[in-house]
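Asker: Spelled out from the first residue to the last, the chains are:
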Amino acid sequence: MSYLSPAARLRIRVAGLGTLVVVFAITVLSLGRHSSAQSKDAEPNSRLNSEPAVRIPSNVAWTEETLTMVSSGDAFRGLLLARRCNHCHGEEGFSSVPGFPNLAGQDRLSFWKQMQDFRSGKRASPVMQGIAEGFPARASADLAAYYAMLPTASDPQDARTFPQAMQDPSRASIAIRLIVFGDGQRGIPPCQSCHGPVSYVKGAPPLATQNGEYLEQQLERFSSGYRANDINVRMRSIARQLTAEEKTAVSEYYGAGLGPGANSR
Amino acid sequence: MTLVALAILSTRYDMVDLPVWHFLGGGKALDPAGLHLQGEFVESNLGAAEGPARSVTVRMIAQQFVFVPQCIAVPAGVPITFRITSADVVHTLSFLGTDYGLKAVPGAVTEATFTFAKAGEFKIPCHEFCGAGHYAMRGRLDVVPRDQFASLLPGERRTCELP
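Line order of the protein sequences matches chains L and D.
Residue numbering for the first sequence follows the numbering used here, starting at 1 and increasing by one per position.
Residue numbering for the second sequence follows the numbering used here, starting at 1001 and increasing by one per position.
Note that these hints are calculated values from the structure, not bench results.
Just so you know, even glycine gets a beta-carbon here, dropped at the ideal spot from N, CA and C.
Be a bit skeptical, because a hint or two may be false.
Taking lysine to aspartate or glutamate and the EDC-like style, the derived pairs with C-alpha atoms no more than 20 Å apart in a straight line are [said to hold, decoys possible]: (1) L:Lys202 - L:Asp107; (2) D:Lys1123 - D:Asp1142; (3) L:Lys122 - L:Asp183; (4) L:Lys247 - D:Asp1142; (5) D:Lys1123 - D:Glu1156; (6) D:Lys1118 - D:Asp1099; (7) L:Lys202 - D:Asp1088; (8) L:Lys247 - L:Glu213; (9) L:Lys202 - D:Asp1031; (10) D:Lys1123 - L:Glu220; (11) D:Lys1118 - D:Asp1147; (12) D:Lys1118 - D:Asp1088.
Label-pair distances were calculated between CB atoms; the ranges are [what the hints assert, rightly or not]: (13) L:Asn263 - D:Gly1107: 33 to 41 Å; (14) L:Gln157 - D:Ala1029: 36 to 44 Å; (15) L:Ser224 - D:Leu1096: 26 to 34 Å; (16) D:Leu1006 - L:Ser224: 55 to 63 Å; (17) D:Arg1054 - L:Asn263: 34 to 42 Å.
Footprint (simulated), chain D over chain L, 3 or more residues, beta carbon under 8 Å [as the list claims (entries may be wrong)]: (18) 57 to 63; (19) 178 to 190; (20) 193 to 200; (21) 237 to 243.
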């Protein structure tokens, strides 16, 4: 503004101040109007004679306190607690049964949320519900910290089933298309826009080192509505759109260790 | 006069296109992280609901990267009140082929009433860059002739299935 004369600068300042004063006045006035509009707004809602029964998918909400608590888990305490998980999920976080999920390198928020949902029964699992009841929120956060730390590099000494070659490699092109591009015409966003490595949303697990059989089972359960603990129907909406072949293709592709991000850690 | 005009203009909150008083007190704040726990945007309350005199209210959530519900069915020639919010970032939806559109803002409810004169299917793309999956964020609005749109029960919420 150095090219302006002092008088012009003063005028601009006065104009700015004046604008502020008027904005303040309008805001104060509108507050009163807003509150009266609120009471008018409330009327049409109450006129809806009855509301459907409320369904809550998960008791977890990503509030600041929750995020802070979950991300401050102690990995060493988690290491000690993880003995109870080793039998099914493997000593290195890779399970020896393809139907069980691998936990190594798992996202903290995602892991913690699933533990809470198992505990509250929002995600049905006869096995995991009993086990998760033994882990209070704090202990789950410790476990989450431990598993998030475990490396996902391959280890020939370990009895893991991951990765398993695709049964039908010709499906790889279907999988790549869905993982990288999704299908805009059907409203299917690409897997990698939420599950990484391109970007993550809170509570979405990374899939690059997950067992294919487990993934396919979960996609199936999301689309049938058997599993319904995703917040705001996000994953159910997407899984419903996938054909059986697409579910198999994506799951096998990730399960074969071919997914983006599989070798990046 | 200039000052008054400036003042009125500045009350349209930049980028969000809502009056500033939307963000100042008055009424309960909507927690974008807790929409699924309580309030009108719980998942069982989403979709088209019928009020008195067959008026229709549609509740919707926009989130990265799907609209919920993804497909909405409404009757033609009836004022449809949309109430939408966002669970994460700002999204904008428009009903392609009509002049109507809405902005979904986290923490605020955007309400608007539109009347769709003709029956038809309208795509609902997201118009505000919202992240990596933005381009695939699409829903659909099915406007069906009024006589074919069966009345909703009081507790019923209507959605439809994408093909």
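Asker: Is it true that the C-beta distance of serine 224 of chain L to leucine 1096 of chain D lies inside 26 to 34 Å, as the hint says?
Answerer: Roughly 31 Å apart at Cβ, these two residues keep to the hinted range, so it holds.
Asker: Honestly, do glutamine 157 of chain L and alanine 1029 of chain D meet the 36 to 44 Å range at C-beta?
Answerer: violated (54 Å)
Asker: Need the status of pair lysine 1123 of chain D, glutamate 1156 of chain D: alpha-carbon distance at most 20 Å?
Answerer: violated (24 Å)
Asker: Evaluate the given range 33 to 41 Å for the C-beta pair formed by asparagine 263 of chain L and glycine 1107 of chain D.
Answerer: holds (40 Å)
Asker: Starting from lysine 1123 of chain D, check that the Cα of aspartate 1142 of chain D is at most 20 Å away, please.
Answerer: Holds, at about 9 Å.
Asker: Sort out whether aspartate 1031 of chain D lies within 20 Å of lysine 202 of chain L, counting only the CA atoms.
Answerer: holds (15 Å)
Asker: So the hint says 55 to 63 Å: do the beta-carbon atoms of leucine 1006 of chain D and serine 224 of chain L match that?
Answerer: 57 Å Cβ-Cβ, so the 55 to 63 Å window holds.
Asker: Given as covered by chain D, does the stretch 237 to 243 of chain L meet the bar of three residues or more with CB within less than 8 Å?
Answerer: As far as the stretch 237 to 243 of chain L goes, the hint holds, because 4 residues have Cβ atoms under 8 Å from chain D.
Asker: Decide if the proposed pair is consistent with the structure: lysine 1123 of chain D and glutamate 220 of chain L, CA atoms, cutoff 20 Å inclusive.
Answerer: violated (27 Å)
Asker: Need the status of pair lysine 247 of chain L, glutamate 213 of chain L: alpha-carbon distance at most 20 Å?
Answerer: holds (10 Å)
Asker: If you draw a straight line from the CA of lysine 1118 of chain D to the CA of aspartate 1147 of chain D, is it 20 Å or shorter?
Answerer: holds (13 Å)
Asker: At the C-beta level, are arginine 1054 of chain D and asparagine 263 of chain L separated by a distance inside 34 to 42 Å?
Answerer: Roughly 58 Å apart at Cβ, these two residues miss the hinted range, so it is violated.
Comparing the model with each numbered hint stated earlier shows that hints 3, 4, 5, 10, 12, 14 and 17 do not hold.
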